[in-house]
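Novice: This is what each chain is made of:
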Amino acid sequence: MSALSASWLTFGVLTGGIGWLGFGLASYVLFLVFVFMVTAETVSVTAATDRVATVVIVSGAVLLMIPLVWLVGYVTLKGIKGLTLHFFFDDQRGITPVLPSTAGGGAHAIIGTLQQVGLALVWAVPLGVLAAVFLNESRSRWRRPVRIFVDAMSGLPSVIAGLFIFAVLILPYAKSIRLFSFNGFMASLALAMMMLPTITRTVEVVLRLVPDGLREASLALGSSKARTVWSVVLPTARTGITTAVVLGVARAVGETAPLLFTAFGYDLTNANPFDGPQESLPLFVYRNIRKPDVNAVERGFTAAFVLMLLVIGLFALARYVGRDRQRRRVGRRFHLRLPMKGDQPEIGSASQ
Amino acid sequence: MTDTIDITGTVPSVEREPIELIGGPPPGAATLEARDACAWFGDRLVLEGVDLMMPAGQVTALIGPSGCGKSTFIRMLNRMHELVPSAALSGQVLLDGVDVYERGTRAQDVRMRVGMVFQKPNPFPAMSIRDNVLSGLKLARIKCKQKDAVVERALVRASLWREVRDRLDSPGGALSGGQQQRLCIARSLAVQPNVLLMDEPCSALDPTSTGRVEETIAELRDQVTVVIVTHNMQQAHRVSDTCAFFLAAENEPGRVVEQGATSRMFSSPDDPRTLAYVEGRFG
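Here the protein sequences line up with chains A and B, keeping their order. Per numbering that gives the first Met the number 0, numbering through the first sequence is continuous, rising by one, with the last residue being 351. Per numbering that gives the first Met the number 0, numbering through the second sequence is continuous, rising by one, with the last residue being 282.
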């Protein structure tokens, strides 16, 4: 602390004109030097190195937290004003620009999000799990191309997914087949394209964690390979697969771009995902924040806040499911946990 | 049946008549015989010219130092060897006179008749004790009406019944290492196999658990042919009727140096290397 104030003083005198960034950087460096010198004097050089490293790491972590906290705090502050119970039960029927932001709500968007993401899950989960099983359990020589393809797909810009559906299904068929016009079903297809690589890769990582001993044990009992996967490998990896699904949902639930040309957006409630344009939370945010009146912008922030809560809730759920019942069950129950943010090295080494 | 157990904890004798399994292995122990069996991993020949007779209803121990192909050999007997990529083999393995590698014989059927217990206990973590025992029936699509009887008989034969009969629905992974290994034995026995292969079943267990597993092996003798790989000379001496000594010279494939009745192998073997090994002078 004394080191901090000393450096502060020194640089307050010496660098009066450099500006706050230079001042901050310089005082930080000098702070490190002071910490090192003081600790080296009182304890030892090793302890001083250790102390400096600790300081650097902690300050790096704090620095990283600032934008995150800022973002979450900003959206919360702006969004919480317009958040009333009405938001969960009303749609935008009869809303004019003069009405306050608390009027009307986003129920139609919430319904749309739930239906589109739910439908997307129906397509993406079986396909993703199948692909992961293929990548991990088969000995096909097509595994490498498929893996590269999945990797490439995970880098696919989301707007392309939406455009693809638009160009391939909606544009040519919308006039003749009603199912292929703007609706929630088309949106779910685009979202499934976004989810698929996430689910495939995470499930593959989890399947790789299932010990080979279990597969051998199953085969040695006279089981076929397919049956081994279905009855032994997948149940063993169940918690991890659930986590993968939740992560896939969290990936898709906040996507706006794939919905622009598929669900299209709609101000009223449309509970039928197979017919007619639908709203969804990200679309609601996008459409309202662009409107030229203050109340609509506030509504957009409210929806953003709800969406953020939803994503945070989903991640919390993923962690909770991934944490598994180890502590609640007696004994050393065997479990597979998906490597998550907290333990980066595992996911890094596994995805090589 | 559990209601009739008296407080002294004695186990009710399980009826000897077989439980009917539809689609399961034929009843009784089977003879296994290897003829000129060779095995490769890639280009490397690891096992050469093994001729070995494993008589029905007896315990055959495979002994020898590490890396001499015992485990490879035992995995050839129930066609687990071929699961390793790059693995190859030649020769015959006759199960009651029929080659298990014959064209048209399904590996699944062979593995159903020739059960296997691994070095490391590997109960299915997602299943309860009861489901673990029944997993063989489920996985091999064997139908059975008396599931409870199968569970009880298999656990009794693996001498685990008394310890787990009150918690059949708790997860299999919650047991101790020795209990897990006996659970794996029970799992293999539930399908009523003709042969039971054991690949160093006691190497991860403490002496007490080892003793229990050995008792189990002794009790199994009349119902199933047992082939056991072990590094423990005393264990081979205690549990086996016949014995085969594997040895691999440096950079050479493993071969069977000598085989015969256990008593003779341990007292007056023909080959000096066998004598040296069983007396603990090398390996």
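Treat the hints as calculated values from the structure; they're not laboratory data. It cannot be assumed that every hint is accurate.
DSBU-like, lysine-lysine: derived pairs with alpha carbons at most 35 Å apart [stated by the list, open to error]: (1) B:119 to B:142; (2) B:137 to B:119; (3) A:174 to B:119; (4) A:224 to B:146; (5) A:77 to A:174; (6) B:142 to A:224; (7) A:224 to B:137; (8) A:290 to A:80; (9) A:290 to A:77; (10) B:119 to B:144; (11) A:224 to B:144; (12) B:146 to B:119.
Partial list, computed: chain B residues near chain A (C-beta under 7 Å) [to be verified]: (13) 103; (14) 104; (15) 111; (16) 123; (17) 124; (18) 125; (19) 127; (20) 129; (21) 138.
On a predicted model such as this, the values are computed, not experimentally measured, just so you know. For glycine and all other residues, C-beta sits at the position ideal for the given N, C-alpha and C.
Novice: Taking the hints in turn, state whether each one holds.
Specialist: Right, here's what the structure says about each hint:
no.: 1; hint: B:119 to B:142; in the structure: holds, 28 Å
no.: 2; hint: B:137 to B:119; in the structure: holds, 22 Å
no.: 3; hint: A:174 to B:119; in the structure: violated, 63 Å
no.: 4; hint: A:224 to B:146; in the structure: holds, 24 Å
no.: 5; hint: A:77 to A:174; in the structure: violated, 42 Å
no.: 6; hint: B:142 to A:224; in the structure: holds, 19 Å
no.: 7; hint: A:224 to B:137; in the structure: holds, 13 Å
no.: 8; hint: A:290 to A:80; in the structure: holds, 18 Å
no.: 9; hint: A:290 to A:77; in the structure: holds, 16 Å
no.: 10; hint: B:119 to B:144; in the structure: holds, 31 Å
no.: 11; hint: A:224 to B:144; in the structure: holds, 25 Å
no.: 12; hint: B:146 to B:119; in the structure: holds, 27 Å
no.: 13; hint: 103; in the structure: violated, 16 Å
no.: 14; hint: 104; in the structure: violated, 13 Å
no.: 15; hint: 111; in the structure: holds, 3 Å
no.: 16; hint: 123; in the structure: holds, 6 Å
no.: 17; hint: 124; in the structure: holds, 3 Å
no.: 18; hint: 125; in the structure: holds, 4 Å
no.: 19; hint: 127; in the structure: violated, 11 Å
no.: 20; hint: 129; in the structure: violated, 15 Å
no.: 21; hint: 138; in the structure: holds, 3 Å
The structure does not agree with the numbered hints 3, 5, 13, 14, 19, 20 stated previously, though it agrees with the rest.
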